[in-house]
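Build out the structure end to end from the sequences listed, making use of the hints.
For the record, the sequence lines run as chains E and F. With numbering that gives the first Met the number 0 as the guide, the letters of the first sequence map in order to residues 0 to 479. With numbering that gives the first Met the number 0 as the guide, the letters of the second sequence map in order to residues 0 to 479.
Hints in this document: simulated from the structure, not taken from any laboratory. In this text the structure is predicted, and so the values were computed from the model without any measurement. Cβ coordinates follow ideal geometry from the N, Cα and C atoms, glycine included. A portion of the hints provided could be inaccurate.
To be verified - What the simulated footprint calls covered on chain F by chain E, stretch by stretch (three residues with Cβ under 8 Å from a Cβ of chain E suffice, anywhere in the stretch; the number is not a length): (1) 34-40; (2) 66-73; (3) 110-124; (4) 138-150; (5) 309-322.
Protein chains: 2
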Amino acid sequence: MAEEKLPTRAENFAEWYNQLVLKAELADYAPVRGCMVVRPYGWTLWENITAALDKRFRETGHVNAAFPTLIPMSFFEKEKEHVEGFSPELAVVTHGGGEKLEEPLVVRPTSETIIGYMYAKWIKSWRDLPVLINQWGSVLRWELRTKLFLRTAEFYWQEGHTAHATKEEAMEEMYRILDVYADFAINEAALPVIKGRKSESEKFAGAQITTSIEGMMQDKRALQSATSHYFGQNFAKAFEIQFVDQNNTLQFCETTSWGLSTRVIGAIIMTHGDDQGLVLPPRLAPIQAIIIPIYKNDAEKSKVMEVADRVFKELKAAGIRIKMDDRENVSSGFKFNDWEMRGVPVRVEIGPKDVEKGSVALARRDKPGREGKSFVPQTGLASTISLLLSEVQSSMLTKATANRDANIHDPKDYEELKKVVQDGWAFSYWCGSRECEAKVKEDTKATTRNMPLEGQPAEAGKCIVCGEKAEKKIYFAKAY
Amino acid sequence: MAEEKLPTRAENFAEWYNQLVLKAELADYAPVRGCMVVRPYGWTLWENITAALDKRFRETGHVNAAFPTLIPMSFFEKEKEHVEGFSPELAVVTHGGGEKLEEPLVVRPTSETIIGYMYAKWIKSWRDLPVLINQWGSVLRWELRTKLFLRTAEFYWQEGHTAHATKEEAMEEMYRILDVYADFAINEAALPVIKGRKSESEKFAGAQITTSIEGMMQDKRALQSATSHYFGQNFAKAFEIQFVDQNNTLQFCETTSWGLSTRVIGAIIMTHGDDQGLVLPPRLAPIQAIIIPIYKNDAEKSKVMEVADRVFKELKAAGIRIKMDDRENVSSGFKFNDWEMRGVPVRVEIGPKDVEKGSVALARRDKPGREGKSFVPQTGLASTISLLLSEVQSSMLTKATANRDANIHDPKDYEELKKVVQDGWAFSYWCGSRECEAKVKEDTKATTRNMPLEGQPAEAGKCIVCGEKAEKKIYFAKAY
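Structure representation (C-alpha cells):
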C-alpha cells in the first residue's frame with residue numbers, strides 16, 4: 000500500500016532504495032541473516048530478465064543444465080586463488096542425515112569447481128568441444144553487510160561455464176558473452192552500461208582476465224552488473240579437464256565462466272527510479288500497462304466497466320502485459336500513486352467522459368504530470384500503447400545515457416580526480432600498478448571499475464596518479 | 000555414444016534404467032553422495048515439463064516467487080509431525096563465513112516452514128487472501144538409497160504454497176492442483192496416472208489430507224508422481240498465519256502445499272521406454288524430429304544436403320523442435336540407434352532416391368521396424384510431421400493405459416492379493432486400519448498407493464485383509 004511517502008532520493012538515496020524495494024513488494028528480508036525473499040512482483044521482473052537473457056544464450060549456442068548445490072570442501076582447495084577468494088564466504092554443511100560428515104560440504108558460492116570436475120569426466124576428444132553450458136540457480140556467499148538485491152548472502156543468477164580447445168576460442172567466448180550482457184542491459188533494461196576489462200586486483204578469484212559491464216546509478220556510484228571471465232588453463236589443470244586433439248595429443252582445455260545476477264534489479268531501480276518510486280523499462284516490466292476505471296456511481300460504473308473490460312481484452316490479445324485495477328475500497332488517486340510507485344510504464348484511465356468521446360487518457364510513468372499525459376482514441380489503442388511503450392523504453396535509455404555522460408569527468412590532475420570521484424566518475428590514464436589503484440582507494444574510496452573496450456584514446460598518456468607512462472584509461476568511481 | 004547395448008527390460012529392469020539414464024545423457028552421478036547432475040538433454044526435458052506446468056499454474060491464478068535455501072533449524076520444531084518426518088533427512092549448515100553459527104541452518108527439504116513464517120508477516124486481512132504462490136527450485140533430503148531422478152539427495156521440483164480464508168477453499172485448491180497434475184501427466188507426458196487420496200500412514204508429515212497421482216511402470220511397480228496436501232490450520236497455528244475476517248475477527252488461515260519433481264522424468268522413462276532406449280512423448284521431447292541425411296559420395300551429398308537443409312528450415316519455421324545429424328564420422332546405422340536410444344519421436348531419413356522422388360522416409364519411435372515406417376512427399380512435410388507427432392502422443396497414452404489396465408487386478412481374497420501384487424496392482428476394499436496396511440506390507444512389500452477419486456464402487460464391501468466393513472477400495476502395489 001502506498002500510504003507512507005518514500006524519502007526523496009536527494010534526502011537519503013540509500014533509504015529511498017531500501018524502502019522502495021519493500022514497499023513495491025519486490026523483495027523482503029528473510030529470517031536468515033543476509034538472505035532475501037523475492038516476492039512475486041520482483042520474481043516476475045527476474046523471470047522477464049531470465050527470458051531475455053536465456054534467448055540470447057540459446058542464440059549463441061548455449062544449453063542449460065543443473066549441477067548440485069553442495070560441493071565437497073576439498074574441491075575448493077584445488078585452485079589456489081579460488082580458495083583464497085572464496086573461503087571467507089563459505090557456508091558449510093557438516094552434518095547430514097543426523098550424522099557428522101566425513102568431509103564437509105560447501106553450499107556453492109559459484110560452481111567452477113564442481114562443473115570442472117564433471118567436464119573432466121565428459122570431455123575426451125576435440126569432437127566434444129566446445130562445451131557451452133549455462134545454469135540458472137542461486138548461490139550463497141556469507142556477506143557481512145547486505146542490501147536487498149545488491150548484496151545478499153544468497154542471490155539468484157545464471158552462471159555459464161564453457162570449455163574450449165584453444166585460447167583464441169575461449170577469449171572469443173568471453174567477449175561474446177560480454178556483448179550479450181551489454182546488449183541485454185542496453186536494449187532490455189535501458190541501462191547504458193560500459194564494457195571493459197577489470198584491473199588485476201578487481202579480477203575474479205582464479206581468473207586470468209575478468210571483463211565486466213558497469214553502470215552508473217543516480218547517486219553516481221558504479222554498479223558492476225555482470226562479469227565474464229577467461230581462466231586460461233587454471234581450472235583445467237586443477238581438475239584435469241583434458242582432450243585429445245586432432246593430432247592425437249592430450250591437451251588441457253581453456254575455460255571461461257560468466258554470470259549475471261539479481262543485482263541487475265538493483266541497477267534498474269537505482270538508474271531509473273524517481274521520488275515517486277520505481278520506473279520500470281517496458282520490455283521487462285511485469286505489468287506494462289494498468290487500466291484504472293473511474294466512476295462515481297453505479298450508472299457510470301456500468302458504462303465505464305464495459306469499455307474497460309473490452310479494452311483489457313484487446314490489449315491482452317495484442318500481447319501487452321496488462322492489468323485492471325478494479326478495487327472498490329481505494330480511491331483513484333490512491334491507485335495512481337500505487338502503480339506509479341510500482342513503476343508500471345503506462346497508465347490507462349477510463350472515465351465517463353472517455354466513454355462518451357470514445358477516448359482514454361494515457362499517462363507515461365517516465366514523464367510525470369501534464370508532459371506525460373495524452374488523450375487518444377479507443378480505436379487502435381493496442382498499437383498506440385505498443386508504440387508508446389517503445390517510446391518510453393528508448394526515452395529511458397536516452398535519459399540514463401545523458402545522466403551517465405554528464406557525470407563522467409576527465410580530471411586534469413590527481414587533485415581534480417579526488418574531487419570529481421566524490422560525485423561522479425573519473426576517466427583517466429592509469430599505469431596499471433596496484434599501488435596507484437590502492438592510493439586512489441585510500442584517498443577517495445573510489446576503485447577502478449574497468450578499462451573500456453571502446454573509446455580508448457589512440458595514444459598513450461601519463462598515469463593520473465604517479466605520472467608514469469600509461470597505455471590506457473580506466474574509470475575510477477565509488478561503487479556498490 | 001550407442002556402441003554398448005543396454006540390458007533388456009526383461010533381463011534386468013533396474014539396470015536397464017540406470018544405464019539408459021547415463022547413456023542417453025539425461026543425468027550423471029555427482030561427486031557428492033546421492034546427488035545428481037542433470038545434463039543438458041535431461042534438463043531440456045525438465046524445462047519442457049516446467050513450461051507445461053507453469054502455464055497451468057498461471058491459468059489457475061498462481062504466481063511464482065523465491066524463498067531462501069537455508070532455514071533456521073528452530074522453524075522445523077514448530078510443527079510436531081513435520082519435524083518428526085523430516086529431521087532424519089536434514090543437511091545442516093553449522094558454519095558460515097569461517098565461524099560457528101549461533102543457530103544451525105537447514106538446507107531446505109521443503110519450504111512450508113519458511114514460507115509460513117513469511118505469510119504470517121504478509122497476510123493481515125481477508126482482502127490479502129487467497130495467497131497462491133509457487134516456487135521452482137531444488138530441495139535436499141539425506142536419502143540413503145538413491146537412484147537417478149527417482150530418489151536423489153537433491154532434486155528439482157516446484158512447490159506451491161497457498162493460504163485461504165476457509166477450509167472449503169483450501170480443499171478446492173488441493174483438488175484443483177491434483178487435477179492440474181493429472182492433466183499434465185496424461186496430456187503432456189502420456190502417463191495414465193490415477194488421482195486419489197493417500198492413507199493416514201502414507202501422508203506428508205504435517206498434512207491432514209494428502210492426495211497423489213500414481214503411475215504404473217512397466218515392471219508393474221507404482222510411482223507416486225506428484226502430491227497435493229491440505230494442512231488445515233496446522234501450519235497456520237505453528238507460524239501464526241492469521242487474518243482479520245469480514246466481521247473483524249482474527250482467524251487462522253487454512254493452507255495447502257503441492258509438489259511435482261524430477262521424479263516424473265523417471266516415470267516417463269519407465270512407462271514408455273523399450274529395449275532400444277527412451278521413448279519420449281512428443282509434447283515434452285527436447286528434439287521432436289531428427290533429420291538423417293544419407294549419401295555415399297560427394298555428388299549424392301550435395302543433392303541430399305540441399306533437400307535436408309530446406310526441410311530443416313521448413314520444420315523449424317513450423318515450430319517443430321528439429322535437429323539435423325550431419326556427423327561425418329559415424330554411419331547412418333549408428334545414428335539411427337543413437338537417436339532411438341535418446342527417444343526422439345520421429346526420424347526423417349533423406350537419401351538420393353528421396354531427392355529424386357520428392358519424398359522422405361519417416362520412422363516413428365514408438366513403433367519399431369516396418370510398422371512405424373512411412374514414405375511421404377516433401378510437400379506439406381511440416382503438417383505431415385505435426386500430425387504424426389500428435390498420433391505418436393496419443394498412441395503412447397493408449398498403450399500405457401492398456402498396459403496399466405491389464406495389470407490391475409481385483410483379487411477375490413487375501414491369498415490372491417498376495418499373489419497379484421508380485422506382478423501387478425490389486426484394487427481392493429480396505430477398512431482403513433493401519434494394521435491391515437502393515438500386514439500387507441509385511442507379507443508382500445506392497446503398500447497402499449491411493450484411494451482413487453473416480454471409479455469407486457457404489458456400495459461398501461469387506462476389507463480384503465481383515466474382512467471388516469470397508470467403505471472404499473484402494474490400490475496395493477510395490478512402489479518406488
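Evaluated hints:
With 6 residues having a Cβ less than 8 Å from any Cβ of chain E, the segment 34-40 of chain F passes the three-residue criterion, so the hint holds. Requiring three or more residues with a Cβ within less than 8 Å of a Cβ of chain E, the coverage given for the segment 66-73 of chain F holds, as 6 such residues are present. Given a C-beta distance limit of less than 8 Å, the hint that chain E covers the segment 110-124 of chain F holds, as 5 residues qualify and 3 suffice. Proximity of the segment 138-150 of chain F to chain E, defined as three or more residues with a beta carbon under 8 Å from a beta carbon of that chain, is established by the 3 residues found.
Here the segment 309-322 of chain F counts 0 residues with a CB under 8 Å from a CB of chain E, which misses the bar of 3, and the coverage is violated.
In summary, the one numbered hint that this structure violates is 5.
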